[in-house]
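Trainee: Produce the complete structure using the sequences and hints provided.
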Amino acid sequence: MENEFLQTEEAIVSVLRSVYDPEIPVNVYDLGLIYKVDVEDGGKVSIDMTLTAPNCPAADFILDDIRSKVESLPGVSSADIRLVFEPEWNKDMMSEEAKLELGLL
0 MENEFLQTEE AIVSVLRSVY DPEIPVNVYD LGLIYKVDVE DGGKVSIDMT
50 LTAPNCPAAD FILDDIRSKV ESLPGVSSAD IRLVFEPEWN KDMMSEEAKL
100 ELGLL
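Taken in order, the sequence shown gives residues 0 to 104; the numbers are from numbering that gives the first Met the number 0.
Incorrect hints may have been included.
Taking lysine-lysine pairs in the DSBU-like style, the calculated list, with each CA pair at most 35 Å apart, reads [what the hints assert, rightly or not]:
id, residue 1, residue 2
1, Lys68, Lys43
2, Lys43, Lys98
3, Lys90, Lys68
4, Lys98, Lys68
5, Lys98, Lys35
6, Lys68, Lys35
7, Lys35, Lys90
8, Lys43, Lys90
Everything labelled a hint here was simulated from the structure, so no lab data went into it.
Mentor: Take a look at the structure:
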């Protein structure tokens, strides 16, 4: 059972790395926008995430893209994407790869 959860979590991270803000050439996971991923019994997935700015014009597109990709995974029955703004996102939350891609290193 635990192996199944790990596989599902790995698959979720993989699809999160395929979701991009159209204005930034780095995926939402490496940008540090994903705060929490929970997989419950029955395949219910809950994701807490933020945006680089509260007034992001691509917010609906990003949330819909995440939801549809996560819900398409085997073993996932539903995905609840919760937009949060605390803690406030900052550049320190980005992975080293993201910082390198954006020329911040």
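Trainee: Of the hints stated earlier, which fail here?
Mentor: The structure conflicts with no hint, since it agrees with every one listed earlier.
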